[in-house]
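Residue numbers (my numbering), protein chains in the order written: chain A, 1 to 294; chain B, 1 to 142; chain C, 1 to 234.
Please note that a few of the clues may not be correct.
Heads up, incomplete: computed chain B residues facing chain A, CB under 8 Å, no partners named [what the hints assert, rightly or not]:
no., residue
1, Arg7
2, Arg78
3, Glu102
It is worth saying that the hints were derived from the structure and are not from the lab. Since the structure is predicted, the reported quantities are computational estimates derived from the model, not experimental observations. Backbone N, C-alpha and C define an ideal beta-carbon position, used for all residues, glycine too.
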Amino acid sequence: MVETDWTQVSYDEGRQTLKKWRECGVRRSEEVVEIWEHVISRSPSSLGDEEWAVVEQVCIASLDSARVDLAQECIDLLHNQFPHSNRVLKLKAMQLEATEHYQKALEIYERLVEEDPNNNSYRKRKVAVLLAQGKRLDAIRAINDYLKIFLNDPEAWLQLSELFLLENDVPKAVHCLEECVLIQPLNSMYFRRLADLRYTQGGADNVELARAYYERALKINPTDLRSQYGILLSNNQIAASTKNATEKKRAGLAAVDAIDNLVNRYQKISPKSNPESDGILNCLEAMKVTIGSK
Amino acid sequence: MASTIYRLITIVSLLSLIHCAYSAAQHRFYLRLTEQPFVSLPADVVAQTVISLVALIYGTSFLANPFQYIKKDQHHDRTCDEALNCPSFITFDNRAKAMSPEFAMLRTLKQQQRLRQNSSRSTHSGRVSEAIHSSESTDSQE
Amino acid sequence: MTDLLLDPAIRTWVFLPIVVITFFIGILRHYVSLLLMNKKKVELENIADGQYLLRARLLRENGRFLPKTSFNARRQYLCAEETGYLSRAQQRPAKGPNPMDPSQMTEMLKGNMMNMIPMIVVGGWINWTFSGFVTTRVPFPLTLKFKAMLQRGVDLVSLDSAWVSSASWYFLCMFGLRSIYTLVLGSENAADQSKAMEDQMSMTGSAVNPQADPRAAFKGEWEALQMIQHQFAL
Numbered sequence: 001m002v003e004t005d006w007t008q009v010s011y012d013e014g015r016q017t018l019k020k021w022r023e024c025g026v027r028r029s030e031e032v033v034e035i036w037e038h039v040i041s042r043s044p045s046s047l048g049d050e051e052w053a054v055v056e057q058v059c060i061a062s063l064d065s066a067r068v069d070l071a072q073e074c075i076d077l078l079h080n081q082f083p084h085s086n087r088v089l090k091l092k093a094m095q096l097e098a099t100e101h102y103q104k105a106l107e108i109y110e111r112l113v114e115e116d117p118n119n120n121s122y123r124k125r126k127v128a129v130l131l132a133q134g135k136r137l138d139a140i141r142a143i144n145d146y147l148k149i150f151l152n153d154p155e156a157w158l159q160l161s162e163l164f165l166l167e168n169d170v171p172k173a174v175h176c177l178e179e180c181v182l183i184q185p186l187n188s189m190y191f192r193r194l195a196d197l198r199y200t201q202g203g204a205d206n207v208e209l210a211r212a213y214y215e216r217a218l219k220i221n222p223t224d225l226r227s228q229y230g231i232l233l234s235n236n237q238i239a240a241s242t243k244n245a246t247e248k249k250r251a252g253l254a255a256v257d258a259i260d261n262l263v264n265r266y267q268k269i270s271p272k273s274n275p276e277s278d279g280i281l282n283c284l285e286a287m288k289v290t291i292g293s294k
Numbered sequence: 001m002a003s004t005i006y007r008l009i010t011i012v013s014l015l016s017l018i019h020c021a022y023s024a025a026q027h028r029f030y031l032r033l034t035e036q037p038f039v040s041l042p043a044d045v046v047a048q049t050v051i052s053l054v055a056l057i058y059g060t061s062f063l064a065n066p067f068q069y070i071k072k073d074q075h076h077d078r079t080c081d082e083a084l085n086c087p088s089f090i091t092f093d094n095r096a097k098a099m100s101p102e103f104a105m106l107r108t109l110k111q112q113q114r115l116r117q118n119s120s121r122s123t124h125s126g127r128v129s130e131a132i133h134s135s136e137s138t139d140s141q142e
Numbered sequence: 001m002t003d004l005l006l007d008p009a010i011r012t013w014v015f016l017p018i019v020v021i022t023f024f025i026g027i028l029r030h031y032v033s034l035l036l037m038n039k040k041k042v043e044l045e046n047i048a049d050g051q052y053l054l055r056a057r058l059l060r061e062n063g064r065f066l067p068k069t070s071f072n073a074r075r076q077y078l079c080a081e082e083t084g085y086l087s088r089a090q091q092r093p094a095k096g097p098n099p100m101d102p103s104q105m106t107e108m109l110k111g112n113m114m115n116m117i118p119m120i121v122v123g124g125w126i127n128w129t130f131s132g133f134v135t136t137r138v139p140f141p142l143t144l145k146f147k148a149m150l151q152r153g154v155d156l157v158s159l160d161s162a163w164v165s166s167a168s169w170y171f172l173c174m175f176g177l178r179s180i181y182t183l184v185l186g187s188e189n190a191a192d193q194s195k196a197m198e199d200q201m202s203m204t205g206s207a208v209n210p211q212a213d214p215r216a217a218f219k220g221e222w223e224a225l226q227m228i229q230h231q232f233a234l
């Protein structure tokens, strides 16, 4: 992994990177703060239209890296520009959350929800307050209530599935991920995760489902290495556990296929970028021999 | 740079198309003046129109943003961290607090408050005030 | 088919100005209606309804990625006799458009006014200003009946019906520039008179129009879900 020194990038590059992270919803808070402080803050007005979105992004990132001073600066800038804005109020409430004044933050969110009941971000922040306090069960209940109204929010379903996994409740987590799949069927990440969960659940049906999901994830995203591994493992499992001879053979062949693909991929990587690739290659060759002999 | 060539091609073909339109209008005007029936445009105008149209399409397709797949997976170049992140549910309860000086101050303040409560716990008024303070502190700490 | 030669001055001083006037009046209408119309306050229940309808549709389209048990469980949740959401929603009392309701009436009145009055006023002014000559020719032949409508102010019996006056050119522009408004003003523009139905297909909490009867939509989805055969596609 190449570590870029964010203090030395050019203005344009910093701006493009911030924009990319903002659109993808990436959580690289310390790097955002670095880029802001060393590169962009020298002339924030030349950001033009994006200026206030960038300030908001930096504000959240600074709250995340416990830079209370920078967060206060950003909130002041935004408040001067937009004095009666609900969005700025939300940021102020997030600042209160970060400094552990959860009760006051909750009061602000309740007020915001009353004022603007159609905006779902305030309800989500209320859930986040519960999460920060560690009240997972309350948070689960709160997200369930939220989802009764705003049914098609894949982020909320994803968060709910993470919470269920923290409670070790895999079937419910699977249910939530399936909802995500319904909403965005072309997202390979959901399929991969569903497949992981189904494989964890175990049992013949689930492992077959897992294999189907891994194949689908691979079809949507041919560069995905994890789904390739997933195919290998699930085929291995099926070959080991099934009684049907033709099934066994097919699974075995598919597993060998998967290993070949993996070997191809790893051979293209030079040892400099991934120092373990040689070891992995040896491992894979060994697996091929054992699976092929079954 | 490559895009200047394409930009040049696009602009030239646009100008050429406008020129074709103008020459077609002029041709018809001329025919009207000399009272000849209008049958078709002269061959060179037609040829110029077709060529400049093709060049325009060619140039614009390079100037526009790269083609997207019809069914695109947004996450094909993202790590698990980025794709499974739910930014609306972000919580600020992480290790950064342990390493920042302002939060160290906050923590010492809270510790002092707790010490004061423990010392006043022996008296009755101390117990009452402790009950009040403990409910407040559970709100702010949890 | 007579081939009239029109004065080029008509092209410069009538044809193009009418287009320009129509265009700018449309934009003006859009901004004025933005000022006058207050933001629609959408009820939570209507949002939930819209979302459930969207979910039923997504279930139908993408249900083939789920195993049979999950799909049937979801279908059951939505369509079951007493407890399914769609069945319960169909049994709610009907709330048709209510003309007695004062707030709804003012909304309707305002909408109609914004659309009709400018059209009539400007059409009349154009008719008065640019009268007495034909402006343009429509490229297809018309019957004689249209002459009375399209050739106001020009009383030539033998003139071909295809030659129309400026008022009809104005009306043609008005309807034709609708797609240009979409380009210029974005998709949400009040100059476009055909956007009466709200778009139900957007993700972020778009609600069922309370004036349209939602029960028909629920019934449609319910029937569609009952009919679908699940086939695990992977």
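Under the constraints set out in the numbered hints, which ones does this structure not fulfil?
1
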